[in-house]
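Chains as they are written, first to last, in the working numbering: chain A, 1 to 269; chain B, 1 to 408.
No lab work stands behind these hints: they were computed from the structure. Since the structure is predicted, the reported quantities are computational estimates derived from the model, not experimental observations. Keep in mind that the hints are not guaranteed to be accurate.
As the list claims (entries may be wrong) - Here are the simulated PhoX-like pairs of lysine-lysine, each with C-alpha atoms no more than 25 Å apart in a straight line:
| hint | chain 1 | residue 1 | chain 2 | residue 2 |
| --- | --- | --- | --- | --- |
| 1 | A | K6 | B | K78 |
| 2 | B | K272 | A | K44 |
| 3 | B | K233 | A | K49 |
| 4 | B | K273 | A | K6 |
| 5 | A | K49 | B | K193 |
| 6 | A | K23 | B | K78 |
| 7 | B | K244 | A | K44 |
| 8 | B | K81 | A | K6 |
| 9 | A | K72 | A | K62 |
| 10 | A | K6 | B | K272 |
| 11 | B | K273 | A | K49 |
| 12 | B | K136 | A | K6 |
| 13 | B | K81 | A | K23 |
| 14 | B | K233 | A | K44 |
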Amino acid sequence: MDYLDKLESRTIFIIREAYHEFKNIAMLWSIGKDSTSLLWMVRKAFFGKIPFPIVHIDTSYKIPEIYSFRDKYAKEWGLNLIISRNEEAIKNGVSPDKGRFECCTALKTGALKQAIKKYGFKALLLGIRRDEHGIRAKERYFSPRNQDFLWDYKNQPPELWDQFKSGSDDNSHIRVHPLLHWTELDIWKYVQRENIPITDLYFAKNGKRYRSLGCLPCCSLIESNASNVKEVVEELKTTRIAERSGRAQDKERAYMMQKLRSLGYMIIF
Amino acid sequence: MEKENMNLVIVGHIDHGKSTLIGRLLFDTNSLPDGKIQELKKTCKELGHNLEFAFVMDSLQEEVEQGMTIDTAQTFFKTSKRDYTIIDAPGHKEFVKNMITGASQAETAILIIDVNEGVKEQTKRHAYILSMLGIKQLIVVLNKMDLVDYNEKKFNEVKTIISNFLDSLKIKPLYFIPIVAKDGDNVAKASNKMKWYSGKTLLQGLDSFHVAESLTNRSLRLPVQDVYEIDGKPVLVGNIESGKLKPGEEVMILPSNKAVKINSIESFLTDKKEAEAGESIGITLNQFIFVKRGDVICKKDDLAVVADRFSANILWMSNNKISVNEKIILKLATQKTECIIEKIKQKIDSSSLELLEENAKELKEMEIGKVIIKTLKPVVIEKFNDVPGLGRFVLTQNSEICAGGIIV
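The shape of chain A in the complex, shown without the other chains:
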């Protein structure tokens, strides 16, 4: 087994543990490179027949290419796709100009809460990685949330070896993070090896590309000439710039991500 095989096997093990423990489970797919890689491994874990829905939280501010990519592969891979939008907030004109934090809370956290309530999910698979951000470095593979979506990050249950938190109390759900041990570079090497389809927003046009995908108004391009997966891998081997430097959300306040996460929203698309 090589290094990527080991990462993949651990991820598949965790996906299967989560499905064993929680039949009413779903995966959040942001269409970005991480959750698309996770989706790839979910397909492998269940031999192409995923026994649960895939949820896309749609803020309505996504970059247009994301929608076409989503619809193409949802069909090709036979996904049971649930699209969740906080229609009321969108109708009321919630937008980043009126405060990024409020916008994320309504359009991401709000839409996610609605989906969990409507479908009664007890667990969610998410494609977050420890190397993305200092706060994420502290996540567990199985991370409980209470009914208010709060993450009690100061008092997390222990995880030993391959034994994780099981069950959940009536009003809470568990976030499961099968990619926690992967780095950004690992993901791109895996995308390259497995030939995973990835939206071309990640590849440079006219000297610029997205390194991390989110909503159109809050995501900026980075300077880059990496125009395919191989070139992205090469670029990342030498970069000294943090992955999320193009994400407005992180810069606003030093602890905004921590606040957002403890409010229940963990992926920043």
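Chain B: place on chain A using the hints.
Just chain B now, kept in the frame of chain A:
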């Protein structure tokens, strides 16, 4: 050729310098992203602190404000030899659960000791936890050598004390290194203030660790994780703990002792003809028999032990105490059964390893028990040193992990 990767945990008593050492390792290996130091300076200024490397790892608001690591965290650095995942474990007694969570993911460790303060409570407790987790590759660093004027005698004094303690745990550290984490002495570069020390720097020491040996050449042990129905046939899935397998081989399903043949290795998007330790796979059998999660697949002539009573060392981590004969859940690989602690032969203080009581009636938080466990259903087990995955377990109450243990 791909570079190797190694998981490394840094443990030790609170304020002995774990987080500072990690900040130093990241800085000296050029692993901090651009802007990180500026961002830290700004944050520290806002909070009225001086810039300290320790804050590189402490991301929770409370951690930066209190200058103390609360939860375990991971970060990455590389040397020319390999890539390291570095696990920062909190040193405060209150956060031992977080420490053990981090350390259980590691294959190697650094034990850090403030040479001026010497060996303290968490130094010993963390060393015990490393031995319980089976982490054999260890470097001891004696930090804050500047506070003792870089004195060799002081270094040797503390070295002798910790060395004797580790001996009692059967741990033989590869090196004892005098360092100053905040200034970088003997971390990446040899110190010019301790000419009396001619051994390796910490980075050289780390690079001389060996990556854990694969368990492929040991006996086949495949705990069944689940059974899926794929295209009308049952597929058994699981992660191979040790050994290897291929279609056509005769295997036995434990604990029920059913003999059967492997028909195929199922895979999606790849084609697999054989599988080895560490792989998460799916297989079909040549005949339909009832197999369930928790069963363990072995080669027919090379079986694991099936028992409903075994000796183990456990560390109790919950603030609810546990009494002899109290019902509790045992989870071992994918097996789960009710059990009781039938006997606590010895109760031991995890911070001093002193024997507290023989034939004890209960265990409290942070006490070690040498115990006999009696399970309701038979379990498939191995000695921890032979197949770690079947030689270690947790005890849970209300779905929370309360204890970790190894079979002896």
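Mind listing which of the numbered hints don't hold for this structure, in increasing order? Violated: hints 5, 6, 13.
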